[in-house]
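Sequence lines, in order, name chains A and V. Sequence positions in the first sequence follow this note's numbering and run 4 to 434. Sequence positions in the second sequence follow this note's numbering and run 4 to 434.
Calculated from the structure, these hints are not laboratory results. Misleading hints may appear alongside valid ones.
The list treats identical chains as interchangeable, and a pair is accepted whether it falls inside one copy or across any two copies.
Said to hold, decoys possible - Computed cross-link-like contacts, DMTMM-like style, restricted to lysine to aspartate or glutamate with a CA-CA straight-line distance of at most 25 Å: (1) K241 to E270; (2) K315 to E329; (3) K241 to E290; (4) K315 to D280; (5) K168 to D152; (6) K241 to D302.
Here the structure is a predicted model, which means the values were calculated and not measured.
Number of protein chains: 2
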Amino acid sequence: MNTPLIQAPAREMLMLLEGLAAFSAPGPGVTRLLYTPEWLQAQQFLQERMAGMGLAVRTDRVGNVYGRLGGSQPDSKVILTGSHIDTVLNGGKYDGAYGIAAAMTALNYLQQTFGQPLRTLEVVSFSEEEGSRFPLTFWGSGHVTGLYDGSEAETAADSEGVTIKSAMEACGLSSEHPLGDLRDLGDHKAVAAGQTAARTDIGAFVELHIEQGIVLEQSALQIGVVQAIAGQRRFTVKVGGTANHAGTTPMLHRRDALAGAAEMLLELERSAVEAGDPLVATSGRLEVYPGTSNVIPGDVQFTLDIRHSEAKRLESFCSGVMAGFEDIAARRGLTLEVVRTLSTAPAPMDQGLSRTLEQICLSQGRTFRTMISGAGHDAQLFASGCRTAMIFVPSRAGISHSPDEYSSLEELAAGLDVLTAMLYELAYKES
Amino acid sequence: MNTPLIQAPAREMLMLLEGLAAFSAPGPGVTRLLYTPEWLQAQQFLQERMAGMGLAVRTDRVGNVYGRLGGSQPDSKVILTGSHIDTVLNGGKYDGAYGIAAAMTALNYLQQTFGQPLRTLEVVSFSEEEGSRFPLTFWGSGHVTGLYDGSEAETAADSEGVTIKSAMEACGLSSEHPLGDLRDLGDHKAVAAGQTAARTDIGAFVELHIEQGIVLEQSALQIGVVQAIAGQRRFTVKVGGTANHAGTTPMLHRRDALAGAAEMLLELERSAVEAGDPLVATSGRLEVYPGTSNVIPGDVQFTLDIRHSEAKRLESFCSGVMAGFEDIAARRGLTLEVVRTLSTAPAPMDQGLSRTLEQICLSQGRTFRTMISGAGHDAQLFASGCRTAMIFVPSRAGISHSPDEYSSLEELAAGLDVLTAMLYELAYKES
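Isolated chain A (complex conformation) (with noise of 0.2 Å):
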């Protein structure tokens, strides 16, 4: 690999996450919901510090900021690196924004350290990934790849019954002025006012992003290259049996509901811990009916939270978790009805890229490992539409969507060179 020595201004990223991290609604930690004042002015505080680098800037319908630095072969597709801008309730300061920050530095970093690039960079900054204000994940990247189509915007509410198209148009966003200020940018016809389709000028998408889990600090690597984000599987599972008095109902006429669902969920367990790496399966709500300590439940719902990186496994374990369930629940005379209520695939991330990535990794001297993203991220809705490629930097304790989530500027700046070095490949390298 023929790479220059990359050595991208840590500090100048540190600053935009610091100043990023202003734009918080009030509370622990940081709360950055999508269309709110807090989010609109994070979004503006980017728009000028891209247009400050010297990059093109603008928004499109659904509120994502793109700075763009223009390449030399103007037929060439556009190589886009960023994340998300909003954060969970309480959130942290790296959890998104971290990789818009990275990339808005390393664009800076390479156009002022190697001038024009040949294939043009887009630093992005979607609008909402987490799903935290309105019942729809990944809002700004589903856009850009074709997941949702705007028609969304009427119907879906927030809690206090606001939809998304009244926030949008809080916001300024409309769709007489469905990009911001797109006569800025006047060199690419793929992304023209008024774009409502999906994006087909995109030839990779790099995401940086912490790891949120405790994978890489309990190998203590630095750098996660992605191999593929876990496909998910959610459902609801409800057990019913017989609600009795806990006095004088002998153990073995029981129905109980509540039991039933214990033996189920060790099932889970056990075989989540047999299947092994990287399947993990959890449960995360459980209520019992009706709920008083002297009556023997009667009914009982629980969630299901399963993943694995590959759609034939993900199914299969599926598949005999359920099995498993309908044999605990016949045996004790309980009742069963189970509900999926989300299914996403599998993403593998392209593997040439990956391969760059620990090229670059080997070449900068850094310490890292292939694995699996157990979290959802922008990047899987890519995958099937371009080369895509996903690096994790360590999360102290795991801990995320919290205002503990922590990385060290180390480590930080660990996962900018190796962004920066790649975004060098993709643009600046002759194919």
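With chain A fixed as given, assemble chain V onto it according to the hints.
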């Protein structure tokens, strides 16, 4: 056994039961909470009916209603029989009320058929047993037996903040007039006006009650002769793990509080089945925190309700379960906190009286069995102070504390005849 044929008028008892059921707050089933207008009307209705039967009627300072049939041996102790007039929210018409209606019918029949007894007979309608309005169970029988001294009335309040004291005053019960129409009585000094200490004049207590369980129905028997009322231990168990991302935390790096709780509940069930009847163990309430489908549970809290008729076995079972929970928590790296919230001792019924009941069943041609009461009853408060007996009749499908509570007239009549014969044995036979 030399007992005359007893054929007490079951329809008279049924009309009393139906009459009582009419005193209810609106809604399904019967709702007659302590010191409400419907409760007061029900107790006044009983006083009228008792007076109509020629019984000497009085109330005490907590609103227990007594109907007295004085014996010819004034120095003999009182034979007391009855149950409680209050219900749970949306309860049935048999729980408690049956024991009162049958006792009144029995006394009336005995007086009409056999005249004055040797020993004084009293029927009691206890003001409260369920603990449905105020956080004190056995408020009625607890005053007669010394569990309460009345000071609780100042502080204990219902969910709307009304203290027992002010609720009592609204029913005309006050410290100035602690005993209602005691003047009607005048033949027994132990229940003198102003009585605040427990009664010491009671020689035996007999309670007739629906089983509230499925044992008699499943064995197709008419009468249950209660050998003991089970002791109860209740606990709140808190299991602490680490809340973490459901997608990014490998199975072997989890401290899942819900998986740990599930293992504990299965172990509880296994141990209880192994211990065998009459041990019962139930977890009726369980809560998961944070309770989000994609977050590994960090904390779980659940209740335990464990009952047995023998104090030593109850104690050793609870110790064994707790030791098992500690092992599970230690192996999983979870914290465990157990708080005992209730402990009542088992109450053995009088063996001589139980044998008399069995002989009555044999002489009346009733099918019967001895059994343990898993539910608590007023009788358990008398067991340590006087000879106490308890009679069960079947409950359809074991349903109780529900508008669906039901026992047939035939079943109720069998219990009435056994109770009547028992009272004849205790009050009319030369000892």
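Against the structure, the hints come out as follows:
no. : hint         : in the structure
1   : K241 to E270 : both (16 Å within a copy, 22 Å between copies)
2   : K315 to E329 : within (21 Å within a copy, 39 Å between copies)
3   : K241 to E290 : both (10 Å within a copy, 16 Å between copies)
4   : K315 to D280 : within (15 Å within a copy, 47 Å between copies)
5   : K168 to D152 : within (13 Å within a copy, 66 Å between copies)
6   : K241 to D302 : both (7 Å within a copy, 22 Å between copies)
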